[in-house]
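Peer 1: Build out the structure end to end from the sequences listed, making use of the hints.
Protein chains: 4
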Amino acid sequence: MQPKIDPTSATSSHRLRVRFCETDLMGIVHHASYLAYFEAARVAWLRRRGVTYATWAALGWHLPVVEASVRYRAPARFEDVLAVETVLAELRSHSMRYAYRVLRGQECLAEGETRLACVDSAHKLQRIPKEVIGILCSAETQPDADGV
Amino acid sequence: MQPKIDPTSATSSHRLRVRFCETDLMGIVHHASYLAYFEAARVAWLRRRGVTYATWAALGWHLPVVEASVRYRAPARFEDVLAVETVLAELRSHSMRYAYRVLRGQECLAEGETRLACVDSAHKLQRIPKEVIGILCSAETQPDADGV
Amino acid sequence: MQPKIDPTSATSSHRLRVRFCETDLMGIVHHASYLAYFEAARVAWLRRRGVTYATWAALGWHLPVVEASVRYRAPARFEDVLAVETVLAELRSHSMRYAYRVLRGQECLAEGETRLACVDSAHKLQRIPKEVIGILCSAETQPDADGV
Amino acid sequence: MQPKIDPTSATSSHRLRVRFCETDLMGIVHHASYLAYFEAARVAWLRRRGVTYATWAALGWHLPVVEASVRYRAPARFEDVLAVETVLAELRSHSMRYAYRVLRGQECLAEGETRLACVDSAHKLQRIPKEVIGILCSAETQPDADGV
Chain H
0 MQPKIDPTSA TSSHRLRVRF CETDLMGIVH HASYLAYFEA ARVAWLRRRG
50 VTYATWAALG WHLPVVEASV RYRAPARFED VLAVETVLAE LRSHSMRYAY
100 RVLRGQECLA EGETRLACVD SAHKLQRIPK EVIGILCSAE TQPDADGV
Chain U
0 MQPKIDPTSA TSSHRLRVRF CETDLMGIVH HASYLAYFEA ARVAWLRRRG
50 VTYATWAALG WHLPVVEASV RYRAPARFED VLAVETVLAE LRSHSMRYAY
100 RVLRGQECLA EGETRLACVD SAHKLQRIPK EVIGILCSAE TQPDADGV
Chain C
0 MQPKIDPTSA TSSHRLRVRF CETDLMGIVH HASYLAYFEA ARVAWLRRRG
50 VTYATWAALG WHLPVVEASV RYRAPARFED VLAVETVLAE LRSHSMRYAY
100 RVLRGQECLA EGETRLACVD SAHKLQRIPK EVIGILCSAE TQPDADGV
Chain D
0 MQPKIDPTSA TSSHRLRVRF CETDLMGIVH HASYLAYFEA ARVAWLRRRG
50 VTYATWAALG WHLPVVEASV RYRAPARFED VLAVETVLAE LRSHSMRYAY
100 RVLRGQECLA EGETRLACVD SAHKLQRIPK EVIGILCSAE TQPDADGV
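Chains as they are written, first to last, in numbering that gives the first Met the number 0: chain H, 0 to 147; chain U, 0 to 147; chain C, 0 to 147; chain D, 0 to 147.
Hints in this document: simulated from the structure, not taken from any laboratory.
These numbers were taken from a predicted model, which means no experiment stands behind them.
Backbone N, C-alpha and C define an ideal beta-carbon position, used for all residues, glycine too.
Don't take each hint at face value.
To be verified - Using 25 Å as the maximum straight-line C-alpha spacing, the simulated SDA-like pairs for lysine to any residue come out as follows:
| id | chain 1 | residue 1 | chain 2 | residue 2 |
| --- | --- | --- | --- | --- |
| 1 | C | K123 | U | A56 |
| 2 | U | K123 | C | A57 |
| 3 | H | K123 | U | T54 |
| 4 | H | K123 | U | L102 |
| 5 | D | K123 | U | G26 |
| 6 | H | K123 | U | M25 |
| 7 | H | K123 | U | G26 |
| 8 | U | K123 | H | D79 |
| 9 | U | K123 | H | R100 |
| 10 | C | K123 | D | V80 |
| 11 | H | K129 | H | A116 |
| 12 | D | K123 | C | M25 |
| 13 | H | K123 | U | C107 |
| 14 | U | K123 | C | S120 |
| 15 | U | K3 | U | R46 |
| 16 | C | K123 | H | M25 |
| 17 | H | K123 | U | K123 |
| 18 | U | K123 | H | R103 |
| 19 | D | K123 | H | A53 |
| 20 | H | K123 | D | G59 |
| 21 | C | K123 | H | G26 |
| 22 | C | K123 | D | D79 |
| 23 | U | K123 | H | A73 |
| 24 | D | K123 | C | V80 |
| 25 | C | K123 | D | R103 |
| 26 | U | K123 | H | S68 |
| 27 | D | K123 | H | A56 |
What the hints assert, rightly or not - Which chain D residues face chain C? A few, computed with CB under 10 Å, are given here:
| id | residue |
| --- | --- |
| 28 | Y33 |
| 29 | Y52 |
| 30 | P63 |
| 31 | E66 |
| 32 | A67 |
| 33 | R70 |
| 34 | R72 |
| 35 | A73 |
| 36 | L102 |
| 37 | Q105 |
| 38 | S120 |
| 39 | Q125 |
Peer 2: As structure tokens, then:
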């Protein structure tokens, strides 16, 4: 049975500022940079629930992205401050899905999703352990450290 | 009316070798690198039909990615030689959609799609001109220069 | 005559957290990522003195990097919080040189320098204007917004 | 005693084409991309002497970059075909230094150097083994596969 997710407690927002190296010759943020933004926001989402990389590494596990999608609505630009709203959208036995919205003020610049699988160091699929599921379904427990 | 696309003539294959900087600490190619591979393959797809960046720039146009999706099946690794099979999947009045398969030998490592919009330098949507449509529906006219 | 630079007021520190996509298969931060860290720190250095990209763009100017060097002392790792200490080391008529130290706590992980030239949009060398020189020689006037 | 290097046999050239994602909003190749070009050229240099990543990995070794420098002379642009001339400039007991020139036709766009240390998986410095030194001092033995 899939655990129930409360969208409010399952949402976190991560602020970041667009770097020069993330732009391209169109003068806008390169479309691949948004996957890096999603990733940074997802890592912050986990960290704010007390889950760091060391948590997974101690288990010998990784969370590779197995599906990703982005819809680009309006270009982000150099030095823009963006907020990446991240929500745990689905939690399955061996994978989880996050949904993202990249905001500049009230304007939504991009939306997307990623599905992550839980694998061991040999890339073999693993069941997400109960104690981690509890954490993933919890609200933020750590203060926000914007950008860092 | 949408132009008819012949899948055989609308397909090109681009070979590339995985760079060290495209890997991550999981020891595999980082998931965002595939968007760079799609892009390189798409640019090669256009170049093999005689369309270079200068072609668009002369018109003051760009082809930003407005949607992207990737499904990751198996990890690519450092020094792997990959073939990115690219096909023009749909051609609309103001946008086009490409589909990609990343192959290592016979094994499909990833699949994906991108939709590109035709815009002017102010990011205003433009109709793809007739002469370009003719080119996009044509088969390769230029020899392959793998990797370059 | 070169303006005199006070090393204390000419130094700023920029905090950032290592992103997953900045690592490589050695399990450490890829060496090219440090140039991105220097750049982010330099942009923050300017911003904290009231100089944003819009300031240069309004003049039609850019500050391309014309020389860069890095000495790597110890590896940075995923999720590390780093402080990039940035100092304006030299100010010439048409260029300027910044020096950087990347710190994790008290430990210096990397040091480096970049020289930036002042050019117009045709990449022609330009004299740095007097009013900008005054700003570059000043201390921070803006509060720090770590990471953003 | 340091082995003698014959500059002619110790030089290889690697062709690559500038990718869109390697440009920045100045409309030119981002300065950090040159470190990726150096790296791709160095990996090709080794491969053309029969040394692949598997060679080092079998020994449990890595070759991290411990120093890097670049002097930028003229901007490279999207779709440019570049040749990266790579020469083994110095071979010490525990490290080696490569020098690079990035050429577009006859024009030199950038020059640089990197020093690589030989380390084990715990990042402990290792003596470069005699059999590898012999290979490093040899001329190309493998055909060129440009770009791949």
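Peer 1: Look at each hint and say if it fits the structure.
Peer 2: Evaluation of the provided hints:
1. This hinted pair checks out: K123/C and A56/U have alpha carbons roughly 22 Å apart, not beyond 25 Å.
2. Of the supplied pair hints, the one linking K123/U and A57/C holds, its CA atoms being roughly 23 Å apart against a limit of 25 Å.
3. Between K123/H and T54/U the CA atoms are separated by roughly 46 Å; this puts the pair beyond 25 Å, and the hint is violated.
4. Proximity of K123/H to L102/U is assessed by CA-CA distance (about 21 Å); at most 25 Å being required, the pair is judged to hold.
5. Pair hint K123/D plus G26/U holds up; C-alpha atoms about 20 Å apart against a cutoff of 25 Å.
6. Under the criterion of a C-alpha separation no larger than 25 Å, the hint pairing K123/H with M25/U is consistent with the structure, at around 13 Å.
7. Restraint check for K123/H and G26/U: satisfied, since their Cα atoms lie roughly 14 Å apart, inside the 25 Å limit.
8. Annotation: proposed proximity of K123/U to D79/H holds, straight-line Cα distance about 21 Å (limit 25 Å).
9. Note on K123/U and R100/H: the hinted pairing holds, with a Cα-Cα distance of about 23 Å set against a maximum of 25 Å.
10. This hinted pair checks out: K123/C and V80/D have alpha carbons roughly 24 Å apart, not beyond 25 Å.
11. Using a Cα cut-off of 25 Å, the hinted pair K129/H and A116/H holds, with the two alpha carbons roughly 15 Å apart.
12. For the suggested pair K123/D and M25/C, the alpha carbons sit about 13 Å apart, so the restraint of at most 25 Å is met.
13. A distance of roughly 18 Å separates the Cα atoms of K123/H and C107/U; the hinted pair therefore holds under the 25 Å criterion.
14. In summary, the hint linking K123/U to S120/C is supported, as the alpha carbons are separated by about 23 Å, within the 25 Å threshold.
15. Of the pairs offered as hints, the one joining K3/U and R46/U holds, with about 21 Å between alpha carbons and a cut-off of 25 Å not exceeded.
16. Note on K123/C and M25/H: the hinted pairing holds, with a Cα-Cα distance of about 21 Å set against a maximum of 25 Å.
17. For the hint linking K123/H to K123/U, the alpha-carbon distance of about 46 Å lies beyond 25 Å, and the restraint is violated.
18. About 20 Å separates the Cα atoms of K123/U and R103/H, which keeps this hinted pair within 25 Å; it holds.
19. Pair hint K123/D plus A53/H holds up; C-alpha atoms about 22 Å apart against a cutoff of 25 Å.
20. Taking the CA atoms of K123/H and G59/D, the gap is near 23 Å; set against the 25 Å cutoff, the hint holds.
21. Restraint check for K123/C and G26/H: satisfied, since their Cα atoms lie roughly 20 Å apart, inside the 25 Å limit.
22. For the proposed pair K123/C and D79/D, the alpha carbon gap of about 21 Å is at most 25 Å, so the pair holds.
23. A threshold of 25 Å between alpha carbons decides the hint, and for K123/U with A73/H the separation of about 11 Å falls inside it, so the pair holds.
24. Taking the CA atoms of K123/D and V80/C, the gap is about 24 Å. The hint holds against a cut of 25 Å.
25. The hinted pair formed by K123/C and R103/D meets the criterion: a straight-line CA distance of about 20 Å does not exceed 25 Å.
26. Note on K123/U and S68/H: the hinted pairing holds, with a Cα-Cα distance of about 23 Å set against a maximum of 25 Å.
27. Distance restraint check for K123/D and A56/H: the Cα-Cα separation of roughly 22 Å lies within the 25 Å cut-off, and the hinted pair is therefore satisfied.
28. The beta carbon of Y33/D comes within 9 Å of a beta carbon in chain C, closer than 10 Å, and the hint placing it at the interface holds.
29. Taking 10 Å as the C-beta contact cut-off toward chain C, the hint placing Y52/D at the interface holds, the least distance being around 9 Å.
30. Annotation: interface hint on P63/D holds; nearest CB of chain C at approximately 6 Å, less than 10 Å.
31. Checking E66/D against chain C: minimum C-beta separation of about 5 Å stays under 10 Å; hint holds.
32. For A67/D, the interface hint holds, the least distance from its beta-carbon to any beta-carbon of chain C being 5 Å, beneath 10 Å.
33. A hinted interface residue such as R70/D counts as satisfied when its beta carbon comes closer than 10 Å to some beta carbon of chain C; here the least separation is about 5 Å, so the hint holds.
34. Hint on R72/D holds. Least Cβ distance to chain C is approximately 8 Å, under the 10 Å limit.
35. Because the closest C-beta pair between A73/D and chain C is about 8 Å apart, less than 10 Å, the hint holds.
36. Evaluation of the L102/D hint against chain C yields a violated restraint, the C-beta minimum of about 18 Å exceeding 10 Å.
37. Hint status for Q105/D: violated, given a least beta-carbon distance of 19 Å to chain C, over 10 Å.
38. For S120/D, the interface hint holds, the least distance from its beta-carbon to any beta-carbon of chain C being 9 Å, beneath 10 Å.
39. Taking 10 Å as the C-beta contact cut-off toward chain C, the hint placing Q125/D at the interface is violated, the least distance being around 14 Å.
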